[in-house]
Amino acid sequence: MRRALSLQTRLLWAASLALAAFLGATGYALDLAFKRSALQAMRDRMQSYVWAYLSGSDINVGGSLILPDIPPEPRFERPQSGLYAGVVGPGIEWRSASALGRQLPFDLRLEPGRTQFDGPIETNVGGVYRFAQGVAWEMTNGKEVQLTFFVAEHEAVLKRQITVYRRTLFAHLGTSALMLLLVQLLMLRWSLRPLRQVTSDLARVERGERDALPDRYPRELSPLTSSINDIIADEREQRLRYRNTLGDLAHSLKTPLAVIRGQLEQSGPDSATQRTIAEQVRRMDELVAYQLARAAASGHAPFAAPIEIEKHAEAIVSGLEKVYAGRGILCEFEIDPQARFYGETGDLLELLGNLLENAFKWAKGRVVLQATRIHPPGTRRPGLDLCVDDDGPGIPADKVDALLKRGVRGDERVQGHGIGLAIVQDIVRSYRGTLSVEPSPELGGARFHVRFEATR
Amino acid sequence: MRILLVEDEAPLRETLAARLKREGYAVDTACDGEEAIFLGKEVPFDVAIIDLGLPKMTGLELIQKLRGMGQKYPILILTARSSWQDKVEGLKTGADDYLVKPFHVEELLARINALMRRATGWSKPQLECGPIELDTTAQTVAVSGNSVELTTYEYKVLEYLMLHAGELVSKADLTEHIYQQDFDRDSNVLEVFIGRLRRKLDPDTTLKPIETVRGRGYRFAIPRTN
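Those protein sequence lines, which keep their order, are chains S and E. Just so we're aligned, residue 1 is where the first sequence starts under the working numbering, counting upward by one. Just so we're aligned, residue 1 is where the second sequence starts under the working numbering, counting upward by one.
Derived from the structure by calculation, the hints contain no laboratory data. These figures come from a predicted structure and were not determined experimentally. Glycine included, every Cβ here is placed at the ideal spot set by N, Cα and C. Keep in mind that a hint or two might mislead.
BS3-like cross-link-like pairs, simulated, lysine-lysine; straight-line CA separation at most 25 angstroms [unchecked claim]:
#1 E/LYS92 to S/LYS311
#2 S/LYS361 to E/LYS200
#3 S/LYS361 to E/LYS92
#4 E/LYS124 to E/LYS65
#5 E/LYS171 to E/LYS200
#6 S/LYS361 to S/LYS399
#7 S/LYS322 to E/LYS200
#8 E/LYS124 to S/LYS364
Derived Cβ-Cβ restraints for the label pairs, each shown as a range [as the list claims (entries may be wrong)]:
#9 E/ALA138 to S/ASP270: 14 to 24 angstroms
#10 E/SER147 to S/ILE277: 50 to 60 angstroms
#11 S/LYS311 to E/PHE38: 46 to 56 angstroms
#12 S/PRO441 to E/GLN139: 28 to 38 angstroms
#13 S/ILE277 to E/GLN139: 21 to 31 angstroms
#14 E/SER144 to S/ARG327: 25 to 35 angstroms
#15 S/ASP270 to E/GLN139: 13 to 23 angstroms
#16 S/ARG283 to E/VAL43: 34 to 44 angstroms
#17 S/LEU249 to E/GLN139: 30 to 40 angstroms
#18 S/ARG283 to E/ALA172: 25 to 35 angstroms
#19 S/LEU224 to E/PHE38: 51 to 61 angstroms
#20 S/GLU453 to E/ALA142: 34 to 44 angstroms
#21 E/MET69 to S/LEU249: 42 to 52 angstroms
#22 E/GLN139 to S/SER271: 42 to 52 angstroms
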C-alpha cells in the first residue's frame with residue numbers, strides 16, 4: 001500500500017494551490033481593470049483632441065475648412081508620431097501632418113453629435129485606435145455641412161503602457177506569492193513542530209533514552225501523548241508484576257519439592273516407590289523450572305531499553321569464575337563497545353548465564369565470548385551477534401539437531417546442555433533471533449551462536 | 001568442619017541438618033537472618049549455607065552483613081529462583097557458589113567440600129602431604145598407597161589439620177570446628193583422637209605428621225605436595 005502523503009506536504013500543496021488560484025485571479029482582474037481604464041483614458045484624450053480641433057477650426061467663405069495653425073498636441077505635426085487627426089466631409093478631406101502617407105481608417109460618416117471609439121484596426125502601419133465624432137457645421141450662408149472628425153493613435157502606446165503595468169504587477173504579485181509561501185512554510189513547521197517532537201520523543205523512548213513522553217505538548221496533542229504514556233507504563237508495570245508473581249510461584253513450588261526430595265533421600269534404603277517418587281519429583285522440578293523461565297522471558301518489547309553487554313557478561317563470568325574456581329578456566333571477552341541488547345536485563349542475563357555456564361562446564365581451559373553490533377545502513381535499531389566458544393569436546397554436527405530439539409520440548413530427560421539451553425532457545429525465539437550450534441573455529445570446541453537482526 | 005545453615009523452611013532445615021551431622025559436620029541452624037547474624041558473631045564457621053528467600057532479612061542482605069562483619073568463610077546460596085539475575089546478584093554480594101532448589105544432598109555435600117578445600121588453598125579434592133593422601137570426595141585416607149581406616153571424628157580431625165597443613169591449629173579451633181556445641185570442650189577427648197591418629201598414620205613414628213606445639217595446639221607438619 002502506498003504511504004499517505006505527509007501532513008506537511010498536504011498542507012503545503014493545499015495552501016500553494018489556493019495561493020496560486022487567488023493570486024492568478026487577482027492578477028487577471030487587475031489586468032482587465034487596468035486595460036479598461038487605459039482605454040477609457042485614451043478615449044477621453046482623443047475626445048479632447050477632437051474638441052480642440054473643433055474649437056480651433058473654421059470654414060472660410062469659399063467653403064473650405066481651415067484647421068488651427070497650432071495643433072493641440074505637437075505629435076500631430078511630427079510624421080510617424082503615431083498620433084493622427086483627420087476631417088472628412090462633403091468635398092472636404094483633411095489629414096494632419098503626421099498622417100502623411102498613411103492609410104488611416106478615416107472613412108466613417110457619423111451623424112452630427114454622434115461619437116464612435118473603436119480599435120485596434122489594422123492599417124498599413126499596424127493596429128490603431130480610432131475616435132470619430134460627427135459634427136454639423138453651419139456655413140456663413142446658413143447652409144449646414146456635416147463633417148466627421150477623426151483622431152487615431154497607434155496601439156503601440158497603449159501596449160507599452162499595459163506591458164509596463166503588467167511587468168510591475170507580476171513582479172509584485174510574484175514577490176508576495178514567494179513571501180507568502182515562505183511564511184506559510186515557517187508557519188507549517190512551527191505548527192507541526194509538536195508532532196515532530198512527539199515522534200522523536202517516542203523514538204527516544206523506544207531506544208530507551210527516556211522512560212516516558214514528557215509533559216510539554218500542546219493541548220490538542222496531550223490526550224494522545226498521555227494515552228501513549230499510560231500504555232507504556234501499563235506494559236512495564238504488567239511485565240514487572242508478572243515476573244514477580246512468577247518468582248513467588250517458583251519459590252512456593254520449589255521449596256516443597258526440595259523438602260520432598262530431602263525426605264526421600266534421608267529415609268532409609270531405596271524402594272521402588274521411592275525411586276518412582278524421586279523421579280517424578282525431578283521431572284516436576286524440571287518442568288516447573290523450564291515453564292517458569294519460559295514464562296518469565298519477556299521477549300521482544302518495542303519499548304525496551306538498550307543494555308550494554310560487557311557489564312552483565314562481566315558479572316556473570318566473575319560469578320562463574322568463583323563457582324568453577326577449581327577448574328582454572330580462562331574466559332576472554334571480545335565485546336564491541338557499541339553492542340547492545342534491546343530487551344529485558346533478566347533475559348540477557350539468562351541468555352549469557354546459560355550459554356557461559358555451559359561453556360564453563362565443558363571447557364578444558366578456555367572460553368571466549370564475542371559480541372558484535374549488526375548495524376547495516378537504513379536500520380533503526382541495531383542487531384546483535386553473540387558467540388560463546390569453548391575448547392571442550394564440542395558437539396558433533398549430527399547431534400546438534402537432536403540437542404536443539406530436546407531443548408525445545410523441555411519435558412524430556414535432559415542432561416548436560418539441559419534446561420538452560422531450552423531457556424536460551426525460548427528467549428532467542430521470543431526476540432525473533434536465531435540460535436545455531438557450530439564447531440568453534442579457533443578453540444575447537446563448541447560454539448553457540450545467537451543472532452538478533454537489526455530492525456528497520 | 002562447622003557449618004552455618006540458614007533456611008526458613010523447617011522440614012528442609014531439619015532434614016539437611018540431620019544429614020550434615022551424619023556426615024560428620026558440626027551444624028548450627030538459623031531460621032532467619034537475625035539469628036544467623038547472632039550465631040555468626042559467636043561461632044567460627046568454615047562454611048555457610050544460606051537460603052535466599054528468608055523472612056525479615058533477605059539472604060542477600062544477610063550475606064552482605066556477614067561479609068561486612070569480616071567473615072571470610074565460603075558461602076553457598078540456596079535459591080528457589082533459578083534466574084541468573086538472582087545467581088549473579090548472590091555471587092556479586094559475596095556468595096561463592098549457588099545451588100538451585102530442589103537439589104540432591106550429595107550435590108550439596110560435594111559443593112561444600114569443594115568450597116572448604118578452595119578456601120584453604122587446595123585445588124584438587126585429593127589432599128596430598130608427602131605419603132599421606134586424603135580424598136575429600138571418597139572420604140578415605142591412605143599412607144603410601146595403603147588405605148587407613150578412620151572413624152568419622154578421626155577423619156574430620158585429620159581433614160581439618162590437613163586442610164590447614166603447615167598452620168598452627170589451636171585446640172579451641174579444632175573443638176569448635178569439629179564438635180557440636182554441647183560437647184564438653186575441657187575433656188581430653190581431642191588428645192585421645194590425636195594420639196589414635198598418630199598411631200594409625202605413623203605406626204613406626206618415622207613420619208611424625210602431627211606436631212604438638214606446646215600450650216598452643218597442633219600443626220600438620222608434612223608440607224603440601226599439590
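Verification of the hints:
no.: 1; hint: E/LYS92 to S/LYS311; in the structure: holds (12 angstroms)
no.: 2; hint: S/LYS361 to E/LYS200; in the structure: violated (39 angstroms)
no.: 3; hint: S/LYS361 to E/LYS92; in the structure: holds (20 angstroms)
no.: 4; hint: E/LYS124 to E/LYS65; in the structure: violated (30 angstroms)
no.: 5; hint: E/LYS171 to E/LYS200; in the structure: holds (20 angstroms)
no.: 6; hint: S/LYS361 to S/LYS399; in the structure: holds (18 angstroms)
no.: 7; hint: S/LYS322 to E/LYS200; in the structure: violated (37 angstroms)
no.: 8; hint: E/LYS124 to S/LYS364; in the structure: holds (15 angstroms)
no.: 9; hint: E/ALA138 to S/ASP270: 14 to 24 angstroms; in the structure: holds (21 angstroms)
no.: 10; hint: E/SER147 to S/ILE277: 50 to 60 angstroms; in the structure: violated (36 angstroms)
no.: 11; hint: S/LYS311 to E/PHE38: 46 to 56 angstroms; in the structure: violated (36 angstroms)
no.: 12; hint: S/PRO441 to E/GLN139: 28 to 38 angstroms; in the structure: violated (44 angstroms)
no.: 13; hint: S/ILE277 to E/GLN139: 21 to 31 angstroms; in the structure: holds (28 angstroms)
no.: 14; hint: E/SER144 to S/ARG327: 25 to 35 angstroms; in the structure: holds (29 angstroms)
no.: 15; hint: S/ASP270 to E/GLN139: 13 to 23 angstroms; in the structure: holds (21 angstroms)
no.: 16; hint: S/ARG283 to E/VAL43: 34 to 44 angstroms; in the structure: holds (39 angstroms)
no.: 17; hint: S/LEU249 to E/GLN139: 30 to 40 angstroms; in the structure: holds (39 angstroms)
no.: 18; hint: S/ARG283 to E/ALA172: 25 to 35 angstroms; in the structure: violated (48 angstroms)
no.: 19; hint: S/LEU224 to E/PHE38: 51 to 61 angstroms; in the structure: holds (58 angstroms)
no.: 20; hint: S/GLU453 to E/ALA142: 34 to 44 angstroms; in the structure: violated (59 angstroms)
no.: 21; hint: E/MET69 to S/LEU249: 42 to 52 angstroms; in the structure: violated (34 angstroms)
no.: 22; hint: E/GLN139 to S/SER271: 42 to 52 angstroms; in the structure: violated (26 angstroms)
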